[in-house]
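Assemble the whole structure, with the sequences as input and the hints as a guide.
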Amino acid sequence: MERRQLLATGGTLAAAAAGGCVGCATAPTLYLAMEATSDRDIGERMTMALEPDSEDHRIGIDAVESDSVTATDISEPFPLATPYAYEGTVYTADATVVDRTPGTSISFSINPLDDDERVDSADAIEYDELPDVDKDAFDRYGWDEPDPFLGYSTSVHYLEDDLEASVLVPDPEYEVIVWPERRGRFEVDGHTDQPLETYEYTAEAVADSIEQYGREIREPVEFELGPLDEEVAAVVEDAIEDPPYTVPREDDLSDAESQVVEQFEDQERVHVESVPENGSLRGTEWYIVAYADERYWADMRVFTG
Numbered sequence: 001m002e003r004r005q006l007l008a009t010g011g012t013l014a015a016a017a018a019g020g021c022v023g024c025a026t027a028p029t030l031y032l033a034m035e036a037t038s039d040r041d042i043g044e045r046m047t048m049a050l051e052p053d054s055e056d057h058r059i060g061i062d063a064v065e066s067d068s069v070t071a072t073d074i075s076e077p078f079p080l081a082t083p084y085a086y087e088g089t090v091y092t093a094d095a096t097v098v099d100r101t102p103g104t105s106i107s108f109s110i111n112p113l114d115d116d117e118r119v120d121s122a123d124a125i126e127y128d129e130l131p132d133v134d135k136d137a138f139d140r141y142g143w144d145e146p147d148p149f150l151g152y153s154t155s156v157h158y159l160e161d162d163l164e165a166s167v168l169v170p171d172p173e174y175e176v177i178v179w180p181e182r183r184g185r186f187e188v189d190g191h192t193d194q195p196l197e198t199y200e201y202t203a204e205a206v207a208d209s210i211e212q213y214g215r216e217i218r219e220p221v222e223f224e225l226g227p228l229d230e231e232v233a234a235v236v237e238d239a240i241e242d243p244p245y246t247v248p249r250e251d252d253l254s255d256a257e258s259q260v261v262e263q264f265e266d267q268e269r270v271h272v273e274s275v276p277e278n279g280s281l282r283g284t285e286w287y288i289v290a291y292a293d294e295r296y297w298a299d300m301r302v303f304t305g
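All letters in the sequence shown, in the order written, are residues 1 to 305 by this note's numbering.
Source of the hints: derived by calculation from the structure; they are not laboratory data. Don't take every hint at face value.
[What the hints assert, rightly or not] The following label-pair restraints were derived from C-beta to C-beta distances:
#1 D147 <-> A290: 52 to 60 Å
#2 V188 <-> D73: 19 to 27 Å
#3 S209 <-> V188: 50 to 58 Å
#4 E117 <-> R140: 25 to 33 Å
#5 Y141 <-> D193: 16 to 24 Å
#6 D193 <-> D114: 30 to 38 Å
#7 D99 <-> E65: 20 to 28 Å
#8 D99 <-> D147: 37 to 45 Å
#9 T70 <-> D171: 30 to 38 Å
For every residue, glycine included, the Cβ atom is placed at its ideal position computed from N, Cα and C.
Dropping the structure here:
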């Protein structure tokens, strides 16, 4: 919620913040959200969820159960050093490249043509007439539909042995691709060597349980808020009961709000180098706070400018 009126007394931020998370300026904006937490909750927040039937699920589990597993892609298909949980134990994965197949990554754009735009027939090709190697490469973008979405730039990967059979890359033989209900102008914007790599993954247990992992994260960074006077405590309690507590950008911090900021200064944070993909983390630095016999996962920021 926005600051309580009783706290809107005006004021300036009393001190500069550490590490860039909190700071001072003429018109700062405070954002504070505190959510009750536990060691298990912290462990779950800091581990990656393996979605069933996903490639991540296959790699993560097979690396544990089979001692190692391979996967092939142009970049690491499974995130290294990002913890994940399987049957209660927390693991991280490591990988070694065991094979490389030469390939090329090609940047391209495909944009729709106006209905009345004329094109020399020698410069156009029907989608159905494309070589299989081109269909295989571009069908992931919906090109196998009669009316595909056009108007974007991205990249596509070809193995070196497939380039000779292509009529689109790396040097297009046609400018326009024709579908039953749409035409698109195809352009290659550039290309770079990029091999297809086979990775061998292994898994290492880093904690015997999610709770243990959460505790190991918490213990070095947890700090206690307090002692707080009534007005300062009111800010904290608002951030707990109706988060987030915010201060409009055009307002200065009140004395009470400045004191809350000071409580967080120089404190260790939870550093998230590789954000788990479970949707629970929306930032890269967080605090773990003890307050009134409870423990909280806190997001505290002061924006400047």
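Checked hints:
1. In this structure, D147 and A290 meet the distance hint of 52 to 60 Å, their C-beta atoms being roughly 58 Å apart.
2. Take V188 and D73: their Cβ atoms lie about 22 Å apart, and the range 19 to 27 Å holds.
3. At about 52 Å, the beta-carbon gap between S209 and V188 stays in the expected band of 50 to 58 Å.
4. Evaluation of the 25 to 33 Å hint for E117 and R140 yields a pass: the beta carbon distance comes to about 27 Å.
5. At about 22 Å, the beta-carbon gap between Y141 and D193 stays in the expected band of 16 to 24 Å.
6. At about 36 Å, the CB distance of D193 to D114 agrees with the hint of 30 to 38 Å.
7. In this structure, D99 and E65 meet the distance hint of 20 to 28 Å, their C-beta atoms being roughly 22 Å apart.
8. Taking the beta carbon of each, D99 and D147 are about 39 Å apart, inside 37 to 45 Å as hinted.
9. In this structure the supplied range 30 to 38 Å holds for T70 paired with D171, their Cβ-Cβ distance being about 34 Å.
Checked against the numbered hints given earlier, this structure breaks none of them.
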